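Student: Sequence:
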Amino acid sequence: MSPDLKIHSKMAKLPPLVPAKADPGLNLEEMKQFVRDHFEDFVNRKHTEAALKNLSEDFLDHDEPGGVAVGAQAAKTMMDGVLQAWPDLHVTVDDILAEGDKVMVRNTWRATEKATGRRIEFHGFVLWRFAHRKIVERWATITPPRPA
Numbered sequence: 048m049s050p051d052l053k054i055h056s057k058m059a060k061l062p063p064l065v066p067a068k069a070d071p072g073l074n075l076e077e078m079k080q081f082v083r084d085h086f087e088d089f090v091n092r093k094h095t096e097a098a099l100k101n102l103s104e105d106f107l108d109h110d111e112p113g114g115v116a117v118g119a120q121a122a123k124t125m126m127d128g129v130l131q132a133w134p135d136l137h138v139t140v141d142d143i144l145a146e147g148d149k150v151m152v153r154n155t156w157r158a159t160e161k162a163t164g165r166r167i168e169f170h171g172f173v174l175w176r177f178a179h180r181k182i183v184e185r186w187a188t189i190t191p192p193r194p195a
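Numbering (this note's numbering), first residue to last: 48 to 195.
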């Protein structure tokens, strides 16, 4: 193996860089509203391009369904795929808390499986971190889908 390939191979195994800490640029209420608006646009209105506006270029999703993902485009691509399976996906924000540079949301997701017509529901928690008026990191956990 050439030295260049060895270096590239080693670099490919490095974990993604965590976006730097910075002033969120928003107060706590503004961050909570930003997250509500993001869910409304990105999920409920199916405007997946909202990811390109609301997430930083170095956005780090620790819990993307396909594994750790970097960048706003990865989030857009993921949601485009999810909407193929669940075209009527809808999220409801049940609770929302903010502290420092983070917002925590408890939510309920409902959808109809396109392939079967079966209605499903699942619940989740999402923690978002802000810097420079953008979302820069996300952690999430969801329950398995169940019949709605």
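In case anyone wonders, no lab produced these hints; they're calculated from the structure. It should be emphasised that the depicted structure is a prediction, and the values quoted were computed from it without experimental measurement. Just so you know, not all the hints are guaranteed correct.
Unchecked claim - Straight-line alpha carbon distances no greater than 27 Å define the calculated DSSO-like cross-link-like pairs of lysine-lysine that follow:
#, residue 1, residue 2
1, K123, K149
2, K68, K161
3, K100, K68
4, K93, K79
5, K93, K123
6, K68, K123
7, K100, K149
8, K161, K79
9, K79, K68
Said to hold, decoys possible - Pair by pair, the computed Cβ-Cβ distance ranges are:
#, residue 1, residue 2, range
10, E76, G164, 37 to 45 Å
11, K93, V117, 31 to 39 Å
12, D141, R166, 12 to 20 Å
Beta carbons: idealized from backbone N, C-alpha and C, even for Gly.
Student: Tell me, which hint numbers fail for this structure?
Tutor: Failing hints, ascending: 2, 8 and 11.
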